[in-house]
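A.B. asks: Okay, here's what each chain looks like letter by letter:
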Amino acid sequence: MTADTLPTTAPFTGLLPAQLRQVLSDRPAPGSTISLGRLPDGEELLRLYRMMVVGRAVEDAATAMAKQGLMAVYPAARGQEACQIGAAAALRRSDWLFPTYRDSIAVISRGADPADVLGGPLGRRHLGYDPYEQRTAPLCTPLATHAPHAVGFAHAARHHGDGTIALVLLGEGATSEGDFHAACTFAAAHQAPVVFLVQNNGYAISTPAHLQSAAPSFAHKGIGYGIPAERVDGNDVLAVLMTTRAAVERARAGAGPALVEAVTYRIGPHTNSDDSTRYRTAAEADPWKQKDPLDRYAAYLHDHGLLTPATTQDAACTAEAEVRKLRLHAQETFVPDPAEITAHVYTQPPGHLLAQTARLALEEDSDG
Amino acid sequence: MASLAGALNQALRDAMADDGRVITFGLDVGTNGGVFRVTDGLAATFGPKRCFDTPLSESGIVGCAVGMAMNGLLPVVEIQFDAFAYPAFEQITSHVAKMRNRTSGRVTLPLVIRIPYGGGIGAVEHHSDSSEAYYTHTPGLTVATPSTVADAYSLLREAIDHPDPVIFLEPKRLYWHKDDTPLPRRTGPFGQAAIRRPGRTATLIAYGPTVNVALQAAAQGTAAGWDLEVIDLRTLVPLDEHTLTGSIHRTGRAVVVHEAPGFGGYGAELAARLTEACFYHLQAPIGRVTGLDAPYPPPLLEEYHLPNVNRVLHAVHSLLQYA
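Same order as they appear, the protein sequences are chains V and H.
Heads up, the first sequence is in this note's numbering, so the first residue is 242 and it goes up one at a time.
Heads up, the second sequence is in this note's numbering, so the first residue is 14 and it goes up one at a time.
Don't read these hints as lab results, they were simulated from the structure.
The structure presented is a predicted model; accordingly, all values stated were derived computationally and were not measured.
Each hint should be verified, as a subset may be incorrect.
To be verified - Residues from chain V shown here face chain H by an in silico Cβ test under 8 Å; the list is partial:
hint, residue
1, His390
2, His400
3, Ala430
4, Gln432
Glycine is no exception: its CB is placed at the ideal position from the N, C-alpha and C atoms.
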């Protein structure tokens, strides 16, 4: 797509999505105003860069750790850093994020400790971070089931009148699930201040996107629900950020839900247990490697004189420190406490669970 | 004279008046007041922010309630009929039940899912299931089911006050059952069974729609010289094992009566637990009178499926043969 075919209209003005929105290809100046709104200034742009560098480093480290047996599994999002970090950056601190299991780095970019976010794969607890502290729902595994939660949360926010927005991350495969339909239907009927961000990374494990839907795009799915939608280049972090931010602020202003399809590519396999050579060729992935979101963003920053040895070094050091912390955490001796299994099932556990917990404690005592 | 449906309505009304965070929604619960009229007049009194209709999607209703409960509201949702809760099953089992556990206690979900259940109203298929075992089998859920007007009011208030999610099963054949209980009235807390009729010959354990069946059986049993105790569980989770074991210590015999199929049912859990707890006090195995292990039948056949007085008395008679 060349620059002169890019949509120049404001987003979400009609139900039909515009052509793929891009920003980086135009090389707009930091702080300048484009059709999607006013671009961030240099400082925010560099913060975004640092989070992407950290995100990439955590991705690569987690994949390696899963292969080394330090994690049960890791569903990598290499190549999707722009989608995840761009989308999360569109939120205010007071807004809420509803992520899936593949969105670890989106959560990390909101300030959560990687070791807490990866608590599930590390095998010690289902979730390490405090959802209320991070304003982030638990990473959700059953596909699309968190989408109604985001809608309900947003509905409650409107009930309270506190201006909070919920952003829910989904994959293109999840748009086939009933709960995606339920969530979109509710969101539109009740005009909940929620934004759906569909990361179309080409595959649901091995199933290609074209087998999920015959719709012209995943953004088109918004039409039937009455939800305005846009398609963006998911490897263009500014396109994702600016479009999602427009959707978020539009919802905050009372204009209801919106949907963003971010077109990207899952560079790696589904997880470290998956072998993607069984269902796709290296030739298919190669062009996407040329569209690497980090490289493209770095080139943009370089063009505007923002990428200096100092800023590059700063990002690399932050990333290295995060990865070191994560590895140290994974290597710490874990002393399991079996009582944790039953500790948080109920606020006031029923008698049968208390009895089991007591028996468990006796076992522990006799073993110890 | 209040009906059970009226008591539920009053419980909702009082809870909504007492606490602005309580909201109620579902299919046809707004202007129409619910197909069983349990939410009658609530939209008019509290406005559409507090009582409203939703799109026709049970998974959406429960899923949205999860998000609302995470964000400071106390949702009480209505599922129109038992079998229509199944589209919400994933939300209930994967999220409602597990949220507290998977967040190490950081996120609790104070919400109530009201489900009219059971048969005996001459309904067509998919409108008469007794689905309690799905919920009692799921750790994290609390399951309540009233059988009296007073308990309908009190248990629903208790459910709304409860910090964890409650599956509230309403025996639909008792909706129009009336008595002269003055409301509002609070009965016992969750986890406390009620001895509806004391007796010494055997213990009939029932809940929801079968409590009256058990009481009728006990009344008829007097003709045979039997003095049957009837226990109404009130909540299935938590279970009041103390009252049950105390009763069996006195009677030595017990029959569980429920409408749901017996195989893998809640009665099997009761029989196993009580056998473990009361083995030396039992003079006979614990009996079960349940619905057949078949899908709920068409309305003109339902009387053959449902536990009835004769089947309960027959079960008691069988237990007495062990003496």
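A.B. asks: What hints, given by number in increasing order, does this structure fail?
C.D. replies: 4
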